[in-house]
Amino acid sequence: MRRGLWVPVFGMIVLGGLASLDRVWGQEKKEAMPEPTVKVGDMAPDFTLRDTHGKQVSLHDFRGKKSVALAFYIFAFTGG
Amino acid sequence: MQNFQQNLAKLEAADTQVLGVSMDSMFSNNAWAEKIGVTFPLLSDWGGEVTKEYGLYNPQYKAARRVNYLIDKEGKVVEMQLDNEAIDPTKIVTLCERRKTSGD
Numbered sequence: 001m002r003r004g005l006w007v008p009v010f011g012m013i014v015l016g017g018l019a020s021l022d023r024v025w026g027q028e029k030k031e032a033m034p035e036p037t038v039k040v041g042d043m044a045p046d047f048t049l050r051d052t053h054g055k056q057v058s059l060h061d062f063r064g065k066k067s068v069a070l071a072f073y074i075f076a077f078t079g080g
Numbered sequence: 001m002q003n004f005q006q007n008l009a010k011l012e013a014a015d016t017q018v019l020g021v022s023m024d025s026m027f028s029n030n031a032w033a034e035k036i037g038v039t040f041p042l043l044s045d046w047g048g049e050v051t052k053e054y055g056l057y058n059p060q061y062k063a064a065r066r067v068n069y070l071i072d073k074e075g076k077v078v079e080m081q082l083d084n085e086a087i088d089p090t091k092i093v094t095l096c097e098r099r100k101t102s103g104d
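Chains E and G supply the protein sequences, listed in that same order.
Residue 1 is where the first sequence starts when you use the working numbering, and the numbers rise one by one after that.
Residue 1 is where the second sequence starts when you use the working numbering, and the numbers rise one by one after that.
Bound-form chain G, shown alone (with noise of 0.2 Å):
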């Protein structure tokens, strides 16, 4: 998350919207995110019902499989990253910002 804080100003300028996901509690994420200084909205899907939804669950850590999405502004999914790929984000940065300058 914290690599997504670092991009946080490129991504706000190319009109996007970033939403952390994990199944932890409200609590620990919120202590989390004043830790690490993360300003966009880290949401807790306590019980993990978005994340099975997604095919995300992992029943070995009883927690989500680590993910990226890009969403559209139609809400069709354009980019995907999984695993250690999804750490940096710099991939998703770059393609908001060209379907920025490209209008889509």
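So here's chain E without its partners, still in its complex pose (with noise of 0.2 Å):
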């Protein structure tokens, strides 16, 4: 008899606890985005970052020169 216990306690707990989980990944899904800083008739904020060879690429390189489309993407290997 007091095995036949366990099956629901334990279900219990595990429902308790995704449960829990689902609170914490929902609130996390609410959570806001973060709000750009630089926005349209911004000056853009000059940069010195390295491309994948190691060189040191700027904004200020193309001032004057060219437009530049300036893509934040999220991760490497993902979609974007």
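Hints are not guaranteed to be accurate.
Stated by the list, open to error - Label-pair ranges, simulated between beta-carbon atoms:
| # | chain 1 | residue 1 | chain 2 | residue 2 | range |
| --- | --- | --- | --- | --- | --- |
| 1 | G | Gln2 | E | Thr37 | 22 to 32 Å |
| 2 | E | Phe75 | G | Glu12 | 20 to 30 Å |
| 3 | G | Glu74 | E | Leu15 | 57 to 67 Å |
| 4 | E | Asp46 | G | Glu34 | 21 to 31 Å |
Claimed, not checked - BS3-like, lysine-lysine: derived pairs with alpha carbons at most 25 Å apart:
| # | chain 1 | residue 1 | chain 2 | residue 2 |
| --- | --- | --- | --- | --- |
| 5 | E | Lys39 | G | Lys100 |
| 6 | E | Lys39 | G | Lys76 |
| 7 | E | Lys66 | G | Lys91 |
| 8 | E | Lys65 | G | Lys62 |
| 9 | G | Lys52 | E | Lys39 |
| 10 | G | Lys76 | E | Lys66 |
| 11 | G | Lys73 | G | Lys91 |
| 12 | E | Lys55 | G | Lys91 |
| 13 | G | Lys100 | E | Lys55 |
| 14 | E | Lys65 | G | Lys35 |
| 15 | G | Lys10 | E | Lys65 |
| 16 | G | Lys73 | E | Lys55 |
| 17 | G | Lys62 | E | Lys39 |
| 18 | E | Lys66 | G | Lys62 |
| 19 | E | Lys55 | G | Lys52 |
| 20 | E | Lys65 | G | Lys73 |
| 21 | G | Lys91 | E | Lys39 |
| 22 | G | Lys76 | E | Lys65 |
| 23 | G | Lys91 | G | Lys10 |
| 24 | G | Lys100 | E | Lys66 |
| 25 | G | Lys52 | G | Lys73 |
| 26 | E | Lys39 | G | Lys35 |
Calculated directly from the structure, the hints in this document are not laboratory data.
For every residue, glycine included, the Cβ atom is placed at its ideal position computed from N, Cα and C.
Now that you have both chains on their own, put them together as the hints suggest.
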């Protein structure tokens, strides 16, 4: 008889755990995205970063010469 | 980034330099660029300094929010696309071509 009790007790623990995980995930989903501080009409802050060959590339390299399409992406090896 | 690569000839013809930026390391960017055949620079913002300066750091993913900017020759932001809207750069391509013909 005692062993028979373990199944529902264990089941409730698992379900309870899942419910609280869901609450945590639900909250994360609702968390606000960061709000861009650089917007249309602003001067784009200059930067110097390294490309895949280690070469330094700066935004000011293109000043007066070319427009720049600057694409921030989330991670390499993902869709975007 | 594949979508930018597909439009690269059009963007270059419209005097536009494409730059990708993420918080990945140089090495993963390099491997990825080779895998998907990206020929424009993928820049590594290791540590996220630039991402944070632009207000795009997402602490939940410890990565940037997906955003495209079009910056004119004088360094001013003229267009911005956010999140899913930023996956397809057609709007930016069209804008670059229009600006080129209007002599902006």
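Verification of the hints:
| no. | hint | in the structure |
| --- | --- | --- |
| 1 | G:Gln2 with E:Thr37: 22 to 32 Å | 28 Å, holds |
| 2 | E:Phe75 with G:Glu12: 20 to 30 Å | 26 Å, holds |
| 3 | G:Glu74 with E:Leu15: 57 to 67 Å | 60 Å, holds |
| 4 | E:Asp46 with G:Glu34: 21 to 31 Å | 29 Å, holds |
| 5 | E:Lys39 with G:Lys100 | 22 Å, holds |
| 6 | E:Lys39 with G:Lys76 | 9 Å, holds |
| 7 | E:Lys66 with G:Lys91 | 18 Å, holds |
| 8 | E:Lys65 with G:Lys62 | 34 Å, violated |
| 9 | G:Lys52 with E:Lys39 | 14 Å, holds |
| 10 | G:Lys76 with E:Lys66 | 12 Å, holds |
| 11 | G:Lys73 with G:Lys91 | 18 Å, holds |
| 12 | E:Lys55 with G:Lys91 | 30 Å, violated |
| 13 | G:Lys100 with E:Lys55 | 29 Å, violated |
| 14 | E:Lys65 with G:Lys35 | 30 Å, violated |
| 15 | G:Lys10 with E:Lys65 | 17 Å, holds |
| 16 | G:Lys73 with E:Lys55 | 22 Å, holds |
| 17 | G:Lys62 with E:Lys39 | 22 Å, holds |
| 18 | E:Lys66 with G:Lys62 | 31 Å, violated |
| 19 | E:Lys55 with G:Lys52 | 22 Å, holds |
| 20 | E:Lys65 with G:Lys73 | 6 Å, holds |
| 21 | G:Lys91 with E:Lys39 | 17 Å, holds |
| 22 | G:Lys76 with E:Lys65 | 13 Å, holds |
| 23 | G:Lys91 with G:Lys10 | 12 Å, holds |
| 24 | G:Lys100 with E:Lys66 | 10 Å, holds |
| 25 | G:Lys52 with G:Lys73 | 23 Å, holds |
| 26 | E:Lys39 with G:Lys35 | 32 Å, violated |
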